[in-house]
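**Student:** Take a look at the letters that make up each chain.
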Amino acid sequence: MDLRTILLVEDNPDDEALTLRALRKNNIRNEVVVAHDGVEAIDYLFATGTFAGRDADDLPQVVLLDLKLPKLDGLSVLRRLRADPRTKTLPIVILTSSNEEQDRLVGYDLGANSYVRKPVDFNQFIEAIRQLGLYWLILNEPVPARRG
Amino acid sequence: MRRVKHRSIVEKLTRMSMLVSGIALLVACVSFIGFDMLTFRANKVRSISTQAQIIGSNAVSALLFNDPQSAEDTLSALRAAPSIVSAGICTLDGRAFASYSRDHTLTTPPALPTSQSEAYSINDKQIVLARLIVFKGKPTGIVWIRSDVQELTRRLTRYAGIALIVMVASLFAAFYLSSMYRKEISSPIVRLAEVARIVSRDKNYSLRATSAGSTAETSVLVGAFNEMLAQIQERDKELLEAHEELEQRVRNRTDELAAANKELEAFSYSVSHDLRAPLRSIDGFSLALIEDYGAKLDEGGKDYLRRVRAASQRMSQLIDDMLNLARVTRRSMQRETVNLSGLAKSIANDLSKEEPNRRVEFSIAEGLTADADSGLMKIAMQNLIGNAWKYTSAHDRARIEFGRTDQNGSSAYFVKDDGAGFDPRYVERLFGAFQRLHAATEFPGTGIGLATVQRIIHRHGGQVWAEGNVEHGATFYFTL
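Those protein sequences? They're chains H and E, same order as listed.
Numbers 1 to 148, taken from the working numbering, label the letters of the first sequence in order.
Numbers 149 to 628, taken from the working numbering, label the letters of the second sequence in order.
Careful, some of the hints might be misleading.
Partial list, computed: chain E residues near chain H (C-beta under 10 Å) [unchecked claim]:
#1 Gly182
#2 Tyr329
#3 Arg330
#4 His421
#5 Asp422
#6 Arg424
#7 Pro426
#8 Leu427
#9 Arg428
#10 Ser429
#11 Ser434
#12 Leu435
#13 Ala436
#14 Asp440
#15 Gln461
Simulated pairs of lysine to any residue, SDA-like, Cα-Cα distance not exceeding 20 Å [stated by the list, open to error]:
#16 Lys68/H x Thr477/E
#17 Lys68/H x Glu411/E
#18 Lys410/E x Thr477/E
Ranges between beta-carbon positions, derived for each pair [unchecked claim]:
#19 Leu412/E x Asp109/H: 20 to 26 Å
#20 Arg401/E x Arg24/H: 37 to 43 Å
#21 Asn497/E x Arg24/H: 37 to 43 Å
No lab work stands behind these hints, which were simulated from the structure alone.
All C-beta atoms in this analysis are idealised placements derived from N, C-alpha and C, irrespective of residue type, glycine included.
With the hints as constraints, model all of the structure from the sequences given.
**Tutor:** Written as structure tokens, this is what we have:
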């Protein structure tokens with residue numbers, strides 16, 4: 001199976017390390033690219049800025065998107081991705097510690113595919129990541145990328 | 149009707165001045181005429197008496213010498229007095245001696261008293277006067293004169309005519325003068341009345357009555373009226389300002405409240421997001437240590453790490469409960485008919501499924517409903533029944549009851565259990581946030597549940613209270 005990358009948008013290095021560990025624990029072997037703020041995530045996906053020259057058609061299998069981010073917050077990133085035809089169907093999972101109803105509603109409204117609350121209990125977090133891996137990396141066939 | 153009842157001040161003033169001047173004139177005329185008549189009559193009588201004396205003196209010799217011709221000559225001198233109708237001289241025994249008549253008609257002498265030297269009588273036609281003729285102290289005869297009162301009547305008629313003319317002229321003058329003055333008196337009052345009418349109709353307190361051409365009293369009245377208007381206007385202004393200030397204050401408070409609410413929301417968001425992140429790190433890395441480096445740690449080290457994890461999870465629970473408590477206060481309420489019996493049953497089912505080994509008998513009254521917010525009531529009922537479930541966990545068998553009862557005359561819902569109960573001395577602390585009557589090792593919990601229940605019940609305008617005793621269960625009552 002051709003393992004496509006996972007884009008993790010996360011500014012907290014602890015959460016980054018723990019998420020990577022959780023993925024590893026679940027034997028998810030995909031390459032994980034980490035963007036540390038919203039602008040970096042946009043640059044990576046649209047191959048602009050520091051990622052100019054990257055193949056913009058090489059989209060990740062799934063984007064794990066934190067909501068609270070420096071520069072450009074998660075919901076703004078989501079809005080930008082859903083506004084562009086190339087990334088319109090890109091699987092995006094909101095991964096956040098916020099349990100605010102408002103965030104959840106807006107997230108789904110803007111077209112997030114899933115919403116996972118980062119639990120404090122790390123075992124629950126590993127379980128959530130496992131579910132994600134099962135669903136988005138194995139069960140969910142990506143929409144064929146449109147060209148031209 | 150109103151017109152008749154409330155004559156205008158102009159009309160009243162005119163009537164008054166006419167009446168006063170009319171009565172004054174009438175009284176003056178009548179008194180003058182009356183006095184004049186009396187004086188005139190007295191003069192007349194005196195003049196007749198003088199004539200009688202003169203005639204009497206002149207006729208003494210005629211009487212003494214019994215010469216009636218001479219007496220008649222004397223009497224004929226009366227022709228010069230046109231008012232004297234007839235006259236005569238009698239002897240003392242009443243026999244006519246000589247007589248005079250202006251129109252030569254036969255005249256009869258009047259009956260005369262003899263006891264007085266002079267007597268007269270007056271009626272509305274004539275004056276008759278009789279006088280003794282005395283010669284050397286001895287009465288020798290009687291002279292009488294009859295005079296008509298035509299002159300008096302003429303004079304009276306003339307006076308009445310003059311009085312009438314004077315009256316009419318005076319009344320005209322009074323009318324004219326009063327119409328001049330009444331305008332001066334009445335116009336400030338009329339203007340004042342008009343201003344008062346406009347003010348009360350338009351509620352325009354900035355109007356003022358003018359006191360130009362007023363009398364002292366009306367200008368006092370106008371001044372007082374204007375003063376009153378000024379006070380009303382001032383008070384009106386103050387009221388308006390106070391009202392505006394109040395509105396401004398309400399607006400400010402609303403803005404402040406909105407800002408505070410927004411801040412609180414930002415705070416909650418921050419709490420839910422930022423406070424949880426380090427906890428996740430603490431828990432996550434502690435687990436990583438146990439899992440990845442467990443071999444290098446002894447049991448003591450692993451126990452410490454487990455404690456670290458338990459503490460971080462407990463803190464996470466506290467944060468969640470706190471946020472939920474805040475959310476219960478914040479969220480909008482929508483009242484509808486809530487099936488409390490159904491709610492209680494479904495909560496009981498969930499609890500039984502979670503811990504199927506517990507032997508708890510649920511007794512839930514049928515058909516209990518309430519007009520309340522269903523979401524909030526679910527949270528409240530979950531907390532109450534969940535508490536009952538938790539605090540009966542130390543007993544092998546337990547009974548949890550939900551129903552309705554009469555408390556102090558009003559209907560209250562209740563959740564009753566036969567569990568650990570509580571010390572009634574601390575009943576006040578039950579509903580305080582983060583207040584617990586049991587150690588966490590005994591029964592787990594954060595002490596938020598009953599505070600949440602209380603907020604929900606209070607938001608519904610209801611009351612919540614508890615009864616219980618250590619090891620004799622607890623009953624929580626609430627009204628909605």
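**Student:** None of the hints should be skipped; say for each whether it holds.
**Tutor:** Going through the hints against the structure:
With its C-beta approaching chain H no nearer than about 111 Å, glycine 182/E sits outside the 10 Å limit, and its interface hint is violated. With a least beta-carbon distance of about 85 Å to chain H, the hint placing tyrosine 329/E at the interface is violated under the 10 Å criterion. Interface hint at arginine 330/E: violated, since its Cβ lies 82 Å from the closest Cβ of chain H, which is beyond the 10 Å cut-off. The restraint placing histidine 421/E at the interface with chain H holds, with a minimum CB-CB distance near 5 Å, inside the 10 Å limit.
Because the smallest distance between the Cβ of aspartate 422/E and any Cβ of chain H comes to about 8 Å, under 10 Å, the interface hint for this residue holds. For the restraint placing arginine 424/E at the interface with chain H, the shortest Cβ-Cβ distance is roughly 4 Å, inside the 10 Å limit, so the hint holds. With a cut of 10 Å, the hint placing proline 426/E at the interface with chain H holds, because the nearest CB-to-CB distance is about 8 Å. Proximity of leucine 427/E to chain H holds as hinted, the smallest CB-CB distance being about 5 Å (cut-off 10 Å).
Taking 10 Å as the C-beta cut-off, the interface hint given for arginine 428/E holds, the closest approach to chain H being about 5 Å. The interface hint given for serine 429/E holds, since its Cβ lies 4 Å from the closest Cβ of chain H, which is under the 10 Å cut-off. The interface hint given for serine 434/E is met, as the beta carbon of that residue sits about 8 Å from the closest beta carbon of chain H, less than 10 Å. Nearest Cβ of chain H to the Cβ of leucine 435/E: about 4 Å, under the 10 Å cut. The hint holds.
Because the beta carbon of alanine 436/E sits about 6 Å from the nearest beta carbon in chain H, less than 10 Å, this interface hint is met. This hint holds: aspartate 440/E has a C-beta 9 Å from the nearest C-beta of chain H, less than the 10 Å allowed. Hint on glutamine 461/E holds. Least Cβ distance to chain H is approximately 6 Å, under the 10 Å limit. For the proposed pair lysine 68/H and threonine 477/E, the alpha carbon gap of about 25 Å is over 20 Å, so the pair is violated.
Taking the CA atoms of lysine 68/H and glutamate 411/E, the gap is about 17 Å. The hint holds against a cut of 20 Å. Between the alpha carbons of lysine 410/E and threonine 477/E the distance comes to roughly 14 Å, so the proposed pair stays at or under 20 Å and holds. A hinted range of 20 to 26 Å for the beta carbons of leucine 412/E and aspartate 109/H is consistent with their spacing of about 24 Å. Separated by about 55 Å at the C-beta atoms, arginine 401/E and arginine 24/H break the suggested range of 37 to 43 Å.
At about 40 Å, the CB distance of asparagine 497/E to arginine 24/H agrees with the hint of 37 to 43 Å.
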